[in-house]
Structures are given as C-alpha cells and as structure tokens.
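Could you put together the complete structure from these sequences and hints?
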Amino acid sequence: DAMVIQNPRYQVTQFGKPVTLSCSQTLNHNVMYWYQQKSSQAPKLLFHYYDKDFNNEADTPDNFQSRRPNTSFCFLDIRSPGLGDAAMYLCATSRGGNNQPQHFGDGTRLSIL
Amino acid sequence: GESVGLHLPTLSVQEGDNSIINCAYSNSASDYFIWYKQESGKGPQFIIDIRSNMDKRQGQRVTVLLNKTVKHLSLQIAATQPGDSAVYFCAEIRAQKLVFGQGTRLTINP
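Chains as they are written, first to last, in our numbering: chain A, 1 to 113; chain B, 1 to 110.
For the record, the hints were derived by calculation from the structure and aren't laboratory data.
It is possible that part of the hints are untrue.
Said to hold, decoys possible - Taking lysine-lysine pairs in the DSS-like style, the calculated list, with each CA pair at most 30 Å apart, reads: (1) Lys42/B / Lys44/A; (2) Lys38/A / Lys17/A; (3) Lys97/B / Lys56/B; (4) Lys42/B / Lys17/A; (5) Lys52/A / Lys71/B; (6) Lys97/B / Lys71/B; (7) Lys52/A / Lys56/B; (8) Lys17/A / Lys71/B.
Please read these numbers as outputs of a predicted model, since none were measured by experiment.
Okay, structure coming up:
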C-alpha cells in the first residue's frame, strides 16, 4: 500500500504558468519534505515542515513555496516555472526526532514547455 | 534548459554474483546512515540503515558495513538479481536532514 502518494505522476506546464504539486501521507508522520531531483543527481532538499513549522533551505529560490494545511497533505507551489525547474519533485515523510528514516513517494516529473 | 547532471559511477555485475557498493562520508559526527535504492521513474526506497554504534547490520540479502575510522560505508548485495538494477544512494543524517552521497548505478548482466 502506498504510504506517501504524489499526484500527478507527470505534470506539464508552460513557462511562467504557476503549478502546484501535491503530496499526501498515511503514516501520520510529523515531518514532510520536498526535494528536487535532476537527471543523474541526488535529491536536493528544498524545504520541510516539522508539524506546522516551515523550514526553508537557504538556497531554495523564492519561486518555490509550500503549504501544509494538515498533517496528511503538503503542497509545492512553483509561482513562475522556468526551463531550469524541469525535474523530478519528490515528497518524503519521517517521524519527528533524531535519526529517523525518510520515506519517499514516487515523485512528480515536471516538464516545462 | 535542464542542467547537465553528473555522470554516475556505474557498477556492472553478473546475475547471481555478489555486489559491493561503496560510499565515503564527510562528517565524523554523523551517527545514522541509510542506503536507498532508486529504480527508474520511482522515488528512493529505504533498504537498510545503521547507527554509528554498530559496524555491521544485515537484512534480507543485504549487509551494510560501517567503518568510522575512515568514514566509509558499504552495501553488499548477495546473489544479485535483475530486480536489483537501480541507482543506490548512501545518505547520512546531519542536523536532522538527509545528506545524500553521489549515487552508484548498478547494472546486472544476464
């Protein structure tokens, strides 16, 4: 059974047109993460929520925003996608506290026309 | 356009042989490590983890070895199968965040 679910699996948007990617979890984990992964590279952390507390990475562009309306759902908003934002976007969850493994969804592949 | 990605190290093994994938980490203070498997078009899948108070941990067909002296981690896969073809990432937990290694692409020859 899928525990971290990302929709859609594939998303196509136009240059500059806002897009929202969604993630839901059935694990009741405190922490939810968003990563960007480009071809042949490791995932790169964009930001994470610990419960309702938002934690942005220093090098995440302002173009990327996130919302977490409740424990189960988290959204990634890209306000004005550029060609360089084409990538796989991965959501992950973990329990709070130290040394907890992260569990990933299967990602949304975003293409920019 | 999309930036050019790094060329992943590749390991090719014969089906049925054992595979060893290596990883170096940088932070001697890290105390928790995870190996992930990522198949094409999927998210990273947790394989096995190890804490710094251990030097070996075994799972089903997989063994992780940790050498804290030289900051080295390895993943051993026994009797490699076609379904083991994937990119394997080691990761360390640093300040409650995952820090991924470069990744190794494992290919299985029939």
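Structure-based check of all given hints:
Distance check on the hinted pair: Lys42/B and Lys44/A sit about 16 Å apart at the alpha-carbon level, within 30 Å; holds. Between the alpha carbons of Lys38/A and Lys17/A the distance comes to roughly 20 Å, so the proposed pair stays at or under 30 Å and holds. With a C-alpha separation of about 23 Å, the suggested pair Lys97/B and Lys56/B falls inside the 30 Å cut-off, and the hint holds. Restraint check: the Cα-Cα separation between Lys42/B and Lys17/A comes to about 26 Å, which is no more than 30 Å; the hinted pair holds.
Distance hint between Lys52/A and Lys71/B is unfulfilled; the C-alpha atoms sit about 35 Å from each other, more than 30 Å. A hinted pair counts as satisfied when its Cα atoms are at most 30 Å apart, and Lys97/B with Lys71/B qualifies at roughly 18 Å. Between Lys52/A and Lys56/B the CA atoms are separated by roughly 37 Å; this puts the pair beyond 30 Å, and the hint is violated. Under the criterion of a C-alpha separation no larger than 30 Å, the hint pairing Lys17/A with Lys71/B is inconsistent with the structure, at around 45 Å.
Figure legend: structure checked against the earlier numbered hints; hints not met, in rising order: 5, 7 and 8.
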